[in-house]
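Protein sequence lines, in the order shown, are assigned to chains A and B.
The opening residue of the first sequence carries number 41 in the numbering used here; numbering runs sequentially from there.
The opening residue of the second sequence carries number 495 in the numbering used here; numbering runs sequentially from there.
Hint data in this document are derived by calculation from the structure and do not stem from the laboratory.
Everything numeric in this text was worked out from a predicted model, so none of it was measured.
There could be a bad hint or two in this list.
Claimed, not checked - If we take Cβ atoms under 7 Å as the criterion, some of the chain A residues that face chain B in the derived model are:
#  : residue
1  : F95
2  : T124
3  : I128
4  : K148
5  : V151
6  : R154
7  : R360
8  : N521
9  : G525
10 : E532
11 : Q536
12 : A563
13 : L569
14 : Q642
What the hints assert, rightly or not - Pairs of lysine to aspartate or glutamate, DMTMM-like flavour, derived with a Cα cap of 25 Å:
#  : chain 1 : residue 1 : chain 2 : residue 2
15 : A       : K566      : B       : E807
16 : B       : K686      : A       : E358
17 : B       : K624      : A       : E247
18 : B       : K624      : A       : E358
19 : B       : K671      : A       : E517
20 : A       : K379      : B       : E956
21 : B       : K624      : A       : D555
22 : B       : K565      : A       : E247
23 : B       : K622      : A       : E358
24 : B       : K554      : A       : E552
25 : A       : K374      : B       : D664
26 : A       : K379      : A       : E397
27 : A       : K488      : B       : D664
28 : B       : K671      : A       : D170
29 : B       : K671      : A       : D293
30 : A       : K220      : A       : D485
31 : B       : K624      : A       : E546
32 : A       : K44       : B       : D762
33 : B       : K680      : B       : E807
34 : A       : K367      : B       : E807
35 : B       : K973      : A       : E340
36 : A       : K367      : B       : D566
37 : B       : K673      : A       : E517
38 : A       : K58       : A       : D170
39 : A       : K79       : B       : E520
Ideal Cβ placement from N, Cα and C applies to all residues, glycine included.
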Amino acid sequence: MLNKDLKKITEEFNSQYKQIAGRITICGGTGCVANGCMKVYEAFQAEMKKQKVTFCLEISKECQGHYLSLSGCQGFCAHGPLVTVNDIFYTHVKPEDVPEIIEKTVVKGEVIDRLLYHNPATGDVCEHKDDIPFYAKQQRILLKDSGRINPRDIHEYIANGGYAQAKRVFTEMTPEEVCKEMIESGLRGRGGAGFPTGKKWDSARLEKEPKKYIVCNGDEGDPGAFMDSAVMEGNPNAVLEGMMIAARATGADEGVVYVRMEYPLAVRSIRAAIKQAEELGILGDNVFGSGQNFRIRVMEGAGAYVCGEASALIASVEGRRGMPRVKPPRTSSKGLFQKPTVVNNVETLALVPKVYEMGAKEFKKIGTEKSSGTKTFAVTGHVANTGLTEVPMGTTLRQLIDNVAGGTTNSDGTINKDAFKAAQIGGPSGGCLTKDQLDLPLDFDSLKSVGAMIGSGGLVVMNEHTCMVNVARFFLEFTKNESCGKCVPCREGTDQMLSLLTDIVEGRGTMETLDTLEELARAVQKTSLCGLGQSAPNPVLSTLKNFREEYIAHVKDKTCPAGVCKALAKYRILADKCKGCGMCKRACPVGAIDGQVGKPHQIDANKCIKCGNCQRTCKFGAVTR
Amino acid sequence: MENTAQKFVTIEGKKVAIEGERNLLELVRKAGFNITTFCYQPELAVFGACRMCLVELEGKGVVTSCTVPPKDGMVIHVNTDEVRKLRRINLELLLASGNHDCTLCEKSGNCKLQRMAKDMGVTSVRFKSKNVKTQRDCTSSALVRDPSKCILCGNCVRVCNEIQSIGAIDFACRGYKAKIATAFDKSMCESKECVSCGQCARVCPTGALTPNSAEVEDVYKAINHPTKKVAVHIAPAVRVGLGEIFGIPAGVSVDGKIAAALRMLGFDYVYDTSFAADLTIVEEASEFIRRFTEKDHLPQLTSCCPAWVSYVEKFVPEFIPNLSSARSPMQMMGPVLKADFVERGGKREDLVVVAVMPCSAKKMEAKLDKFYVDDNPDTDHVVTTVALARMIKDAGIDFANLADEEFDHPFGTKTGGGVIFGASGGVMEAALRYAAAELDPKREGNVIFESLRETKEFREAELKVGDIKVRVAVTSGLKNARKLLEDVKAGKAHYDFIEVMSCQGGCVAGAGQPQYEGWKIRKQRAKGLYADDAKLAYKSQDNKDVMALYGRVLDKIGGPKAHQLLHTHYKSQKEAK
């Protein structure tokens, strides 16, 4: 039962917040931590002490001066560490910049031009976050608070309207009404399969069993996807509130947040939020006086990708080996400890309070008819602005890459919109989209229709210098290693597919290899037990479909058109460019190059070990591969 | 008129009624399509790993039939091109996955993987062979593990967990590195849990887990030894299992043919373990009568199943005082034969005793230190039913057409009480036959304890003699035994005598027997034993040669000499926690 009314908490927080003179927020997301933001954070504290600038690290009765806090991931990861002073937004901040920031911006309110974001496309200088196209072109509903508020202070979450929806569903709505609202919103699970959340809740609600569970799936594992960690780190209370609403909808009294242990920040953040929510009486017995209890605990996963699959996750929570089981029964009727269980992904749960805040009708207006709301995409690869984005469902790939992510780049980082070759969407379970599909709306059904999937929302953009066979091989190597080993097609099939792909990139493939690969890929897709195996061949099948000529070049002509596959490289010296300087001859570790000074040199292909030293040392661009 | 409530599934155009089948596979099999699968075992939880039971379900495409619950109106196709292609790919993947050199495999001829490849006509595999030669684990005298032949169907893991509640093995590692391992990947002999029951080998579709057959070579050596004499005795269950390998229907007792074949193989004395089973009854039942009268550690627990004894020692040592001190028939036969041999002027080590057993745990039992006198074991070698069949084939004996022969006497003499030892409930029934006559000498006619014969997992019976009531219970399968002991401990169950066999169904279902699936075959085997029983004397004390032995070698029933040769002791093997 709540110790203090949410309104009272809000009033107290707001009156205390008024005491501060300004706010300095440093992005504390994993990307920025890796870029050294913690050193920047420490430098701020040390330097403000040195410059005798009053500051505080938390909002309290005594707080005064500037409020210095870390936020969750702000998404603009390519440009971190990010520092916001009031509303001035600095990128690439180093500890050495801190004294100047304090002296000029914190104290005097002056703007330091060199730390602002300069739009490489237009040359515009952006003083505020919203001036940056990356942010301006997004629709941040889920990520709005993450990156703005202090995730370690539940009071700030509450003061921003947090837990009001949980309170409303527990005090003003019946479980049936809660489910109905969710069904109407059209929200579909953000974990990959896109199952309608309301339907899932409703079937758990209808189960007669009194004991039920809500499980939050935070076992994010797609290479390059980090939206769930960003949400758990940056706005853990939204996840907890979503779980509470799900608990109300289904009648569950226990919740488990399953987080992979490779996300220590997320684990700490969620744990801290649970503790604060318990202290305030938000979680615990008799939630909001409803008579229903709800408690949440955190369970750390040991890092098996397959534990993102609901039944494997449940096995893992129960202390068993993380292996998917056959269905039926579905987890909503027999889940954790054989009790009805709702397993929802982090992003889904964090969106739940927003659905109730906006109302199902308003929420449904965002996105497309069958895929409502916004979706986060973790954009990486050959784009100007790698990072975490949120756009309405149905946004086209072109809009996302060009407007938000700043466009495709060449391998040297310069923007070149024409360099786009393909985008892998949905991680290792997804598929490749081509130039022809740039205007495809990104939503569940459109992507499925072209053999890809939205997955968790990982998006890897690739330019012309990418070998698609190698890309398929990369993702397959991942799934091969992450297969649990239970069913034959996934365990053995992925291994054999990898072996066939290795043959292809190393020049041992034939046209027959392609046929075998394709037939095997389809068998793995059709006969695997769980989603991991069923989707593992997607990268292979979609590249085979869209870039077949590249495969054929590998097996027939024994060349890699993108020049990536080392084993297929044929180093040659162009006689018209070679000056006969002898640099390459000296650089060759195996004595494969011969030639007289001043005359074009030659490479003996039989001796060449394809190390590439000759190409790197040649000053005249005379060596090709 | 057709019953409108009856639900149907259409399989290849034929309507098949749904009658409580738990999945489509069972229906498909009922319809006469006996699809070969690896991971589906009727008595175990559905696992869905081998993906061999693929069928086409109209409206859904290709599905694994073992995981789909039947619904009225489903239309199934079993042999479409696509289904066959997909099954073949999965089979090829398995064939490439390990060491599947059929000609050099223990399981050759009786391997599901081999059979399936043959039936599908697979003569080449498109995938790279990952034939990684892993070390065979031959450290256990009972079982051999060869991970390179394992196809990870998980049957062994499930039987060990679900039927035996032991959990000695489980999956370890992930993906293509996944394997079956003991705790901490120790060798089989170091496993603190394994009780050698061998049920894992019984359900293994390939040669990854097999009873250890290395002793066959030692048996040949003994037979061909210039001076040593070799005595062989066959356990009750062997006579109703061996014939299956030679095309004789399950449950037909072939003891006469076995006796003939053993002589042809060169054994000097051909005996029947049933003789020792009668002896066991005399000792164990009289021990029971004493304990019952003195209220000494009741319920008494039977001790003839070595895996069960090992289970008590490893998991519930608090029940050791309840175990009968009587040795198992095999371990009574050895010392008796050797004592008799010495009595007749021979040297103990010059008689080699070979036991043919339906069991892997018997191999472990024979090697226990307590069953050695100086360096000479009471039982020299144990070979399984299947290994004996191999010896018979190797010698070129036309088993099916052999004329029946008698066992040698006196150690080939038996009563029905001794023969039914091979079926779950048989030991208890034989003990009650003995006790009924001892407690109530005036009783007329034979009491048949039909309720103890295998009908359900837990059976009980009551023997009334005047105002004395003896309550007995029978179960098989160690999970059932665990439950029974828990109930006894909690005071929820009250029995005076309990029979436990570690294999469900008793010795007829042992790991040394020809492999079978489902309940039918093992019930037929048990039936065969009861058919033999009906032709023989009723109770063990009617075995004149057994009773004569007391005068000649053993002295008094339960006396010091009998104790020395026929009884044993137990020790807790439970890890201190």
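Now the hints, each set against the structure:
Contact between F95 (chain A) and chain B, as hinted, is not supported at the beta carbon level, the nearest pair being about 48 Å apart and thus beyond 7 Å. Evaluation of the T124 (chain A) hint against chain B yields a violated restraint, the C-beta minimum of about 42 Å exceeding 7 Å. Of the supplied interface hints, the one on I128 (chain A) is violated, with its beta-carbon coming no nearer than about 48 Å to a beta-carbon of chain B, more than 7 Å. With a least beta-carbon distance of about 58 Å to chain B, the hint placing K148 (chain A) at the interface is violated under the 7 Å criterion.
With a least beta-carbon distance of about 53 Å to chain B, the hint placing V151 (chain A) at the interface is violated under the 7 Å criterion. Annotation: interface hint on R154 (chain A) violated; nearest CB of chain B at approximately 49 Å, more than 7 Å. The beta carbon of R360 (chain A) is not positioned within 7 Å of any beta carbon in chain B (closest approach about 9 Å), and the interface hint is therefore violated. Evaluation of the N521 (chain A) hint against chain B yields a held restraint, the C-beta minimum of about 6 Å falling below 7 Å.
Given the 7 Å rule on beta carbons, the hint for G525 (chain A) holds: about 3 Å separates it from the nearest Cβ of chain B. Hint status for E532 (chain A) relative to chain B: holds, with the closest Cβ pair at about 4 Å, below 7 Å. Among the interface hints, the one on Q536 (chain A) holds; its C-beta lies about 4 Å from the nearest C-beta in chain B, closer than the 7 Å criterion. Proximity of A563 (chain A) to chain B holds as hinted, the smallest CB-CB distance being about 4 Å (cut-off 7 Å).
For L569 (chain A), the shortest C-beta to C-beta distance to chain B is roughly 6 Å, which falls under 7 Å, so the interface hint holds. Checking Q642 (chain A) against chain B: minimum C-beta separation of about 37 Å lies over 7 Å; hint violated. Note on K566 (chain A) and E807 (chain B): the hinted pairing is violated, with a Cα-Cα distance of about 48 Å set against a maximum of 25 Å. The hinted pair formed by K686 (chain B) and E358 (chain A) meets the criterion: a straight-line CA distance of about 24 Å does not exceed 25 Å.
Taken as a hint, the K624 (chain B) and E247 (chain A) pair is broken in the structure, with Cα atoms around 47 Å apart against an allowance of 25 Å. Annotation: proposed proximity of K624 (chain B) to E358 (chain A) is violated, straight-line Cα distance about 34 Å (limit 25 Å). For the hint pairing K671 (chain B) with E517 (chain A), the CA-to-CA distance comes to about 13 Å; that is within 25 Å, so the pair holds. Between K379 (chain A) and E956 (chain B) the CA atoms are separated by roughly 41 Å; this puts the pair beyond 25 Å, and the hint is violated.
Restraint check: the Cα-Cα separation between K624 (chain B) and D555 (chain A) comes to about 21 Å, which is no more than 25 Å; the hinted pair holds. This hinted pair checks out: K565 (chain B) and E247 (chain A) have alpha carbons roughly 21 Å apart, not beyond 25 Å. Between K622 (chain B) and E358 (chain A) the alpha-carbon distance is near 37 Å, which puts this suggested pair outside the 25 Å criterion. Of the pairs offered as hints, the one joining K554 (chain B) and E552 (chain A) is violated, with about 30 Å between alpha carbons and a cut-off of 25 Å exceeded.
The straight-line distance between the Cα atoms of K374 (chain A) and D664 (chain B) is roughly 23 Å, inside the 25 Å bound, and the hint therefore holds. Distance restraint check for K379 (chain A) and E397 (chain A): the Cα-Cα separation of roughly 30 Å exceeds the 25 Å cut-off, and the hinted pair is therefore not satisfied. Of the supplied pair hints, the one linking K488 (chain A) and D664 (chain B) is violated, its CA atoms being roughly 37 Å apart against a limit of 25 Å. About 50 Å separates the Cα atoms of K671 (chain B) and D170 (chain A), which puts this hinted pair outside 25 Å; it is violated.
Distance check on the hinted pair: K671 (chain B) and D293 (chain A) sit about 39 Å apart at the alpha-carbon level, beyond 25 Å; violated. Under the criterion of a C-alpha separation no larger than 25 Å, the hint pairing K220 (chain A) with D485 (chain A) is consistent with the structure, at around 23 Å. Under the criterion of a C-alpha separation no larger than 25 Å, the hint pairing K624 (chain B) with E546 (chain A) is consistent with the structure, at around 19 Å. At most 25 Å may separate the alpha-carbon atoms for a hinted pair to count; K44 (chain A) and D762 (chain B) exceed this at roughly 93 Å.
Restraint check for K680 (chain B) and E807 (chain B): satisfied, since their Cα atoms lie roughly 20 Å apart, inside the 25 Å limit. The suggested pairing of K367 (chain A) with E807 (chain B) is violated, with an alpha-carbon distance near 39 Å, which exceeds 25 Å. In summary, the hint linking K973 (chain B) to E340 (chain A) is not supported, as the alpha carbons are separated by about 32 Å, beyond the 25 Å threshold. Using a Cα cut-off of 25 Å, the hinted pair K367 (chain A) and D566 (chain B) holds, with the two alpha carbons roughly 19 Å apart.
Restraint check for K673 (chain B) and E517 (chain A): satisfied, since their Cα atoms lie roughly 19 Å apart, inside the 25 Å limit. About 24 Å separates the Cα atoms of K58 (chain A) and D170 (chain A), which keeps this hinted pair within 25 Å; it holds. Among the hinted pairs, K79 (chain A) with E520 (chain B) is inconsistent with the structure: their alpha-carbon atoms are about 65 Å apart, more than 25 Å.
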